[in-house]
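For chain W, the structure is supplied; the task is to place chain E on it using the hints.
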Amino acid sequence: TQLLEQSPQFLSIQEGENLTVYCNSSSVFSSLQWYRQEPGEGPVLLVTVVTGGEVKKLKRLTFQFGDARKDSSLHITAAQPGDTGLYLCAGAPRGTSYGKLTFGQGTILTVHP
Amino acid sequence: NAGVMQNPRHLVRRRGQEARLRCSPMKGHSHVYWYRQLPEEGLKFMVYLQKENIIDESGMPKERFSAEFPKEGPSILRIQQVVRGDSAAYFCASSGGLEQYFGPGTRLTVT
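Chain order of the listed sequences is W and E.
Sequential numbering from 4 applies to the first sequence in the working numbering.
Sequential numbering from 122 applies to the second sequence in the working numbering.
For reference, chain W alone in the conformation it holds in the complex:
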């Protein structure tokens, strides 16, 4: 059983469309991170959300942390082919050592020109 459930697992869309990726858990997290990983490379940190209800924007990307700090979402507006990649959410559940990140299984996004 995955502690962090990401959905959808695969997403294939056309350039210009909007999309949302979800990251859900039954556990409470003190913070959640979103990463993007390209093939053959390590994950690159996009954002960290800490406060319940927090919304952070990074250009066309909007990240939200649920009020209860059990879920998060990533919304991309007007997707571009350059957004193609593997998106990962990660966090340390309350009660575990804060450095021990648990990762979702990832969402593979493909944006077609």
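Any given hint might turn out to be false.
As the list claims (entries may be wrong) - Between beta-carbon pairs, the in silico distance windows are:
#, chain 1, residue 1, chain 2, residue 2, range
1, W, 16, E, 185, 40 to 46 Å
2, E, 171, W, 48, 19 to 25 Å
3, E, 160, W, 54, 45 to 51 Å
4, W, 70, E, 135, 50 to 56 Å
The hints are simulated quantities; they were obtained by calculation from the structure and are not laboratory data.
Yeah, the Cβ is synthetic: ideal placement off N, Cα and C, and Gly gets one too.
Frame of chain W, contents of chain E only:
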């Protein structure tokens, strides 16, 4: 400011040999983490170290795997007597606080 460095990027070992993976954290970071990404699986935590101390090794296999982060020099993940199932991408991350920054990974292939 250089990011997290890992070497080698690719490592091929025959069954029974030893594999040594190195990680140099970002400048100023004293926390190092190792993760493993198996084919078709997500990233899994292995071990969390600070200088000269293992903080959490709950994700490390009980046998053949060890990790260190000495006072001087890089962190080392050591796998003894490798088996085919050890083939994976091994990532190191470092932090100075909450956020972890990842290196490019070492891809280990056991033949």
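Evaluated hints:
1. Checked against the hint of 40 to 46 Å, the C-beta distance between residue 16 of chain W and residue 185 of chain E comes to roughly 43 Å, which is consistent with it.
2. With their beta carbons about 20 Å apart, residue 171 of chain E and residue 48 of chain W fall inside the hinted range of 19 to 25 Å.
3. Under the hint 45 to 51 Å, the C-beta atoms of residue 160 of chain E and residue 54 of chain W, about 37 Å apart, miss the expected range.
4. Here the CB-CB span from residue 70 of chain W to residue 135 of chain E is close to 53 Å, well matched to the stated 50 to 56 Å.
In summary, the structure is inconsistent with hint 3 from the numbered list given earlier, while agreeing with all the others.
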